[in-house]
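Given the coordinates of chain B, work out where chain W should sit on it, guided by the hints.
Chains as they are written, first to last, in this note's numbering: chain B, 1 to 701; chain W, 702 to 1051.
Just so you know, these hints were derived from the structure itself, not from any lab. Just so it is clear, the structure is predicted and the values come from calculations on it, not from any experiment.
Okay, the calculated beta carbon distance ranges per label pair:
no.	chain 1	residue 1	chain 2	residue 2	range
1	B	670	W	743	35 to 45 Å
2	B	504	W	868	47 to 57 Å
3	W	799	B	516	28 to 38 Å
4	B	369	W	1048	47 to 57 Å
A partial selection of chain B residues facing chain W, derived with a Cβ cut-off under 10 Å:
no.	residue
5	233
6	363
7	381
8	429
9	457
10	464
11	478
Ideal Cβ placement from N, Cα and C applies to all residues, glycine included.
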Amino acid sequence: MKISLKALNRYIAIQESSTSRLIALFEDVGLEVKRQEPKPGGDTILTVELLANRGDHHSYLGIAHEISGRTGWTIKAPETTAVSFGTVPVPSVIEAQGCLAYTLSRYSLKGVAKGSLDSDHARMLEMAGIVAKADVVNISNLIGIEIGQPTHVFDADKVDGPIRVRASRPGESATPLFQATPVTVPENTIVIADDKNILAIAGVIGCENAKPDENTKHILFESALFDPVAVRIAARAIGAQTHASMRFERGGDPTAVTAGAERARHLLEKAGWILESAEAPRVWTHPAPRIEISLQQLNTYLGTEMSAKEVTNALSGYGFIAQSKNGTDGTYDVDVPSHRIWDVKQPCDLYEEVCRKKGYGNLPSTMPSSMPIGNSPAIAELERKKKIEEQLVGQGFYEVFIDGFYGEAQRIKMGRLDKSRAQNHVAVINSQERSSSLLKNNAVAQFLDMVKVNGNMRKGNIKAYEWTRVFIPDTKAENSLCNERRILWIGASGEAIPASWANDPARPADVYYMKGLAERVFNACSLQVDFQQVARSDRTSALPSDWMLHPARKARIVHDKNVIGVIGEIHPRLLYAWDIKDTRPVYAEIESSFLGLKPTPQTYLPPPATLPLMRDICFLMPPEMNAQKVVHSLDEALGGAGEVTIVNVYNSKVQTEGRDAVTFSLTYDHGRVKAADVNKVTEQAAEYTLKKLRNDGLTRR
Amino acid sequence: MNNQPTNVAKRPHELILKLREDISRAATVEDIGVLKGAHLGKKSGVKTLLNDLGKLPPDKRKAEAEAANKLRAQIEEELDAAEQQIIDQQVDRSIRSEWIDLSFPGKLAPTGARHPLTEVERHCIDILGKIGFDVVDGPEVETPFRNFDALNIPKHHPARDMQDTFWLENSLLLRSHTSTVQVRTLEEQRGRLPIKIISPGRVYRNEAVDATHLACFHQFEGMWVDRGVTFAHLKGVLDYVVSSIYDLKDWDVRYKPKYYPYTEPSIGIDVAPKDTPGSWITIVGAGMVHPNVFKVLNYDPNEVSGFAFGFGISRMMAQVHGVSSMKPLYEGDLRVHEGIAHKKYRKLEP
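The shape of chain B in the complex, shown without the other chains (with noise of 0.2 Å):
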């Protein structure tokens, strides 16, 4: 809301002269200021963000009020001329419950009308961005802006018949001001109508059919209190936000009826318009709300010492009647003034009252006096984070964070690969963007779009990595929906390692260098896992991503029988999909749960005290056979003939008959095997080998 401050001096006489000190108090009561205009003439326009739940804030009194119940200053309340409602203007007939109150006043214009406003007001309408042609509609408008009442003004003349405020037909259609084209009203909305038409959809927008212009002679002029509820409805219903439906929905204040009416009267007579009649058809009648406090507990839930007479003042500051309830001990009967009626309900409400008076940064601040450290499984897991995440950090990882969801252009790429699979999402019902239409059931495609936007930028070395979830539909899970699997994902793409200027290559981010890494994330979180690598055709993983892997350059994490992870290079029609080129992105995912897991126990091995012994074994790899096999066995052959290690299993790469040669070290300690043994030795582990995988196709190079 914007308000002049020059204008505001006009309802509460300012006592403060400093701009700058004057903001702090607004900021100090509630009244935020975003934005400050100094203006010629010395006016200052701010621009105040309200509490949502201070409907009495939206005018030029209510901040007033607030100002006035910290400092006390005077109020100077706008003038108004008495009203006696008992004539009837026209017949009115109120239906709907949801019209609380309801006044109505006719008024004929006398000779040629008379400006009323003055240039404040102007600048008042002006601010708000309601200024009308009609000087009737200003005035309506204006004590709206001023006393917070929403007030209406339909030309009488234009009105056939009673009017009614009832609930809208199945079917019935407006058209609300300044639109050229009826809307459908729905069903049971408040409507203020005639015989023939909608005038007006209560509390919220009129309608062009009775509107005054400039040669409205005769007015029905309306000030009256709607539901908060059946308002916002409405509002929400015809998309109309106002500077009335604002209001209302925040609950009016009953007494501001009558006063706004009160306030036209005297606004209209001076622009020379004659009241005729006014009737009251629906009056507000329900006492002030009461609630019952106790200094005590007052004093208890703020930790402060505060006196009886302390609070009551700053009660009665802001309107309220604090009455001791039988002078001794403590406890008052609070009744809450009009305009609060909506907000105030009960006692820490009115906490919330004294504290303001008293200012928050006055209050006392107390550390408890017990404050256990916890020790939680939660804190332990995050420990854990920090040291994955420390590994990452340090081989150039970025954390990111990506949306939750993504859009049906991802599920068409995905659907390149596999139609099926990527149906399979929660949808999001309401989106406002088709960019967030579905719940992700992968990060993958998020990484990819990651490397193409970035590899857009000329940015083509991708590390990144992420802690988040993703959503798999599941009917049986416990919301029926979907089950949020939490996972942390790690991608990389281009170098992993950069040149040298020294003439050294770069080293690709390849899928054992993602493998590499991951070891080093379990190594971090002292957990033994292995890397099963799947036949091509197997499509039995739970794991979301394993289907958007290479099928030949993918492996399943695995630990304690149970798969925690999948790893590997991106599927190439997946890159297809993305228009990726010149790069083969590697993943890794892995559920967040292995946070939790029992660490795999460690041991220290001191390192021998003699240089060790090693041997070589090459064999002849069959295709698609994984070396892990070979040293499996071999690790089983050896595994009786002392403490073996196998310090190292490389890729020659040397190709003999379409086979990769692999060569498998071997290290003894000198304590297990005798050096003059260990020929023997390893040639029994090279035929014990042999003979177990002969089946495989292994053969000795």
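Okay, now just chain W, sitting in the frame of chain B:
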């Protein structure tokens, strides 16, 4: 060196002359090594002199021995000097040939970085962890009850405007704040006090995405519920947290009224650098848990009280790094992450 050392003369003077002649032809350290063998080895002239000392009469032996030892020392010295000279020359040559251009940037596999928001989040977790707050996680797909109703936000409440919601099937939604975790914890922990939790996490708002609005962002909320928790305790804890993050020598702090449906009274904390007074930024929203929240979750607000708070970690991060828009930090643009993690030096004022 082409020529091998010639036969060793027995006379010291000749030996020195011969040595110097050989040294003059030596070009490498290896050549000097050969000369050391020839002039100091078993078949060298000086060795012969030393070996022949026994044949001399005793009265001459001592003087000849001293002369021979002196000769050997001189040969060693001259060979060492020659070797050192060759080494020096080689090093000088290599230094000249090995010049490299150090105006090239350094080459080390670059480090990455945690997300700047994570850094702030972890800092806050550390601070609150010291006074016993535990980290609790919760689902992002939630029920309207936990996201709204349990938090004193009934249907058609204006507060629902503040957080337009992503709706899913089965009348579920994507949580619009992490207060849902507080509701879950209150549900699960009923009867077990105190509850002291923080719940950082991702939340969603169904807004058209622009420079200042994100559909998905992070919140950091916490709650302390127990018997006898007061508003003064809320202030005490927040004062501790704020003073742990901001050096109060350099920052002004103020409290102000706020409105949240699930707390009453509700407050905000602003900070402003002392050198730019008035430039307040709200970093905390907090308040006493509303009695209606306790009631709907079957707690007796006359028995139990508590406070809840949320940190504006995005704003804190923006203050730390001078970032004006959060949007690039949610788009995976690694140039932005690199820029924040490895900031460029500003030119120093002359």
